[in-house]
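Undergrad: One-letter residues, chain by chain:
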Amino acid sequence: MKKLSIILVIGTIIASCGGGGGSDVKPTTDAYDATKNEAPAGNPSYDPNRGEGKFTKVDIPATLDVAKASEGEKIYGVKCSSCHKVTDEKLVGPGWKGVTKRYAAEWIMNFVTNTDAMLNKDPKAQAQLEICLVRMPNQNLTDDDARNLYEFMRKNDGVK
Amino acid sequence: MKKIQFNMIAAAGVAILMSLNACKPKNAGNAVSSDAAAKAYVAPGKYDAFYNFVSGGFSGQMSVYGLPSGRLLRVIPVFSVDPEKGWGYSEETKPMLNTSHGFVPWDDLHHTEMSQTNGEIDGRWVFGNANNTPRVARIDLTTFRTAEIIELPNSAGNHSSPFITENTEYVVAGTRFSVPPDNVNGDVPINTYKKNFKGTLSFISVGKEDGKMDIAFQIQCPGVNFDLSHAGKGKSHGWFFFSCYNTEQANTLLEVNASQKDKDFIMAVNWKKAEEYLKAGKGRKQAVRYAHNIYNEKTHTATSEIRTEVTVLDAKELKDICYFMPCPKSPHGCDVDPTGEYIVGSGKLAALIPVFSFDKIQKAIAAKDFIGEYDGIPIIKYESALYGEVKKPGLGPLHTEFDGKGFAYTTFFVSSEVVKWNIKDLTVVDRVPTYYSVGHLCIPGGDSKKPNPKYLIAYNKITKDRYLPTGPELAQSAQLYDISGDKMQLILDFPTIGEPHYAQAVSADLIRAKSLKFFKIEENAHPYASKGEGTTKVVREGNKVHVYMTAIRSHFAPDNIEGIKMGDEVYFHVTNIEQDWDVPHGFAVKGASNAELLIMPGETQTLKWIPEKTGMYPIYCTDFCSALHQEMSGYVRVSPAGSNTPLLFSTGKNLPAADSVGSK
Ligand SMILES: [Cu+2]
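One line per chain: the protein sequences are A and B, in this order. Remember, the working numbering sits 5 above the position in the first sequence when you count from 1. Remember, the working numbering sits 526 above the position in the second sequence when you count from 1.
The reader is advised that the hints may include incorrect statements.
[What the hints assert, rightly or not] With a cut-off of at most 25 Å between alpha-carbon atoms, the simulated DMTMM-like pairs for lysine to aspartate or glutamate come out as follows: (1) Lys874(B) with Asp901(B); (2) Lys1179(B) with Glu78(A); (3) Lys1043(B) with Asp162(A); (4) Lys79(A) with Asp901(B); (5) Lys90(A) with Asp148(A); (6) Lys1046(B) with Glu76(A); (7) Lys1046(B) with Asp149(A); (8) Lys845(B) with Asp895(B); (9) Lys95(A) with Asp1106(B); (10) Lys1046(B) with Asp150(A); (11) Lys90(A) with Asp1106(B); (12) Lys824(B) with Glu76(A); (13) Lys1040(B) with Asp121(A); (14) Lys126(A) with Asp1108(B); (15) Lys126(A) with Asp1106(B); (16) Lys1179(B) with Asp162(A).
FYI, nobody ran anything at the bench for these hints, they're computed from the structure.
Work out the full structure: start from the sequences and follow the hints.
TA: Pasting the structure below:
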């Protein structure tokens, strides 16, 4: 009981210092709040096949888009090859062989553009993190970059 | 008779004791009210409301604090090498510290000044001065890095700088020590000071878009010591004001010989007039040597150029550029209020504050209301330029800033206090102790047309025991006051680096949104950049070996290098290929005699290494970057000169172990 009241008192002090009414320390309206950074667990609307991000439905033609795949290969060289092999060998991250067969296009494109959120939320991404132990860096890919990379992954998986 | 004499001596003794006491900072007091902590408190995860750019004094750097928390956010290397960031150690940054004297690894950064548009801080750049080897630096506030440094010829002790005009047309730099000009033989007897020594003011123009600096012109003035300055604003835009001491023109024991006169001067400079003379060809070209250094954010490389000419206007010949106004006594501060009408002088040895009126100065000049000339420069009659004096405000006024609400705040070095006074009626309305000998103060925007008067920060000159003792030298300190009410309220002490001189503060909103997150790897134009591991390589060019290397969580490519030989110069060009905020990688080589690299995402930096012994040299990343950071390492093998070890480089080749093979 005593403990509880102490916590309450401390809580009140912090609240009064935190910049609410009366205090002169006003947080700016868009102040970054580190405590809110983690995504809430167990979101029922979360679709594990699509992942989280801006890609909800991507139309992928049956045959390979050679131009996109070649653009994707360039991006792979600059931003991905240091951690991912195109074989199934794990380097820092998993090898890419077969990746388009294991994940939907939306999932992959969301993962590479919205990496932090996916690593915080997606069970399959978290399972990979437990194996690799290095969070994939956000490489700031554009939407087009993501699409082109996906096409390069398809080429790597034998799509003609 | 004897008795009387004794009494007089005793009385004098008491007076001396009293004045000595008054010179001493007050001891560590604690006059804070109970809500002070709440006013300075910024909760974990919350941001500060202001950035505070503080001079690092003899550290040569600039430090950035958050207000009101007093948290140290960053130390920006400017005029001194900084191993933490590889500044002055990497091949790319070495040119930034080049001068006409060669590479200079240290300087003394005294004042900071932010760029302005229409007399308001615009958040683009902050300038700093090098006092020792005269230079002015421009720091880019998107990267918080020094973007440009320009050296100043004809100067020695660049003190009254870098103060700026209301649209950043010019940054000025007045010399602290008068010296013989660079184009004449300085090998003259020191006691020919009056004849041979000159004081030079430099007007550095600033590019409207890119901020590029250029010495537009210099004004040659009489040999005195220029201390501080401020630009006119509003109605006084077009004028600059400089405080001067040593009008005695002494050259030895200045502590006595340069405080002889009851009044020294503030010099008013009509820089618009100077521009006219410049256009009319009244300047004379003078042969000099000075360095101009620019850091290019695309090539991630600095270049240094030596320039050889400057245009000088002579204040003695061109009669209507410069005017002296008498100012009591050994003036330091020279501060212009937000309206541009009042110019406040502060005499370090004075017991009053003179306030000059711009309108009265103009009238006096028009009426030639002069009391004579000083070395060819007209002296305006004190009473004709004076608006009034603040009587008995304290001892040793030093620096004044303004709140935009009609009040001025002045620091008093000798009586260790900040005094708030009314500019119109010149009455003191509030005073607070500082607990140490105070120097400069800062109000966000307090020297602009639009102050943001929430806080006042007072910076120490002589440290006192505000914190736990740390050996013979104590922590330097700043004190934060809330000035939003009628009464100033001390709410926080925070330690600073070097000796804090002037500072600037600005609302965080103006800076934060423009902050650069990373350098785009696609735009990296460094000639030795590696864009992806596929492009990494090791190239031998005679005895120079260029290592094109990448860094990413959690390895280098290549991380095994063999075939370096004694006599080689090895250049590690390390490109950080991360593309996310705040993922630097470090790079260090065992035994390297310069320092490390700290490479920002998307950037390329080069460490030059000349091995001094054969053997095996580990390399590693110095900045913890992932769970596998400790594994981010590699080996470089150095063989004897003339040996036939082939040049090899690889990452993750997983070659079979070759334990049976020894070295040749
Ligand atoms: Cu690292």
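Undergrad: In ascending order, which of the hints set out earlier in this document are inconsistent with the structure?
TA: As far as the earlier hints go, 3, 4 are violated by this structure, in ascending order.
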